[in-house]
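Chemist: The lines below spell out each chain.
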Amino acid sequence: ETGVTQSPTHLIKTRGQQVTLRCSSQSGHNTVSWYQQALGQGPQFIFQYYREEENGRGNFPPRFSGLQFPNYSSELNVNALELDDSALYLCASSLEGAGDTQYFGPGTRLTVL
Amino acid sequence: GDSVTQMEGPVTLSEEAFLTINCTYTATGYPSLFWYVQYPGEGLQLLLKATKADDKGSNKGFEATYRKETTSFHLEKGSVQVSDSAVYFCALSDRAGNQFYFGTGTSLTVIP
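Residue numbers (my numbering), protein chains in the order written: chain Y, 101 to 213; chain A, -10 to 101.
Be aware that one or more of the hints could be misleading.
[Stated by the list, open to error] Within a straight-line C-alpha distance of at most 25 Å, the following computed SDA-like cross-link-like pairs (lysine to any residue) qualify:
| id | chain 1 | residue 1 | chain 2 | residue 2 |
| --- | --- | --- | --- | --- |
| 1 | A | 57 | A | 44 |
| 2 | A | 41 | Y | 175 |
| 3 | A | 49 | Y | 126 |
If you're looking for bench data, these hints aren't it; they were derived computationally from the structure.
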């Protein structure tokens, strides 16, 4: 059974640029959630996708957007990057009907200069 | 809105000591409660969970009881090991499982 994978591992961007992060969910999992984890802080929920639709959203501006594909993989897109967007971005997948039990990927470290 | 407040760290204990990490929550409705652990160099892992009042979650010698009257979900272990050194996060989700809130994490170091 393949776990949750994320790419890239690390990324450096400059302020104002756009970035796309990718996540492959664990085999059989159709729900994907994205989190932002600043250094020394807990993960902050960005949004969740279920069957290609946004299914829940945290307190993040619209420049944070996402997609889920028919194979349940997912992308997080961030436009107009700001310095405060520098963080570890985590993806988590879960099974239908068990949305509260999540399996996390290793994360993508984004640095905005 | 919903939130989780977690005991500040870092916590340093000797091997075989008793561990308590406090967690309290604010939520509307009936959330599910979780403890996640992040070992050095690894990703977040679910340690235990409880989905309703008075439920006790347990795993690897760790326990936590969902206390609705005190809105708490404290993590305990009777005898910690060096291998328990990690960062522990308390978290909650709404009943539907599509909104999540994490605490700030508590770093635990266990010394031999």
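Chemist: Against this structure, judge whether each hint is valid.
Modeler: Structure-based check of all given hints:
{"no.": "1", "hint": "57/A - 44/A", "result": "holds (10 Å)"}
{"no.": "2", "hint": "41/A - 175/Y", "result": "violated (33 Å)"}
{"no.": "3", "hint": "49/A - 126/Y", "result": "holds (23 Å)"}
The earlier numbered hint that this structure contradicts is number 2, and it is the only one.
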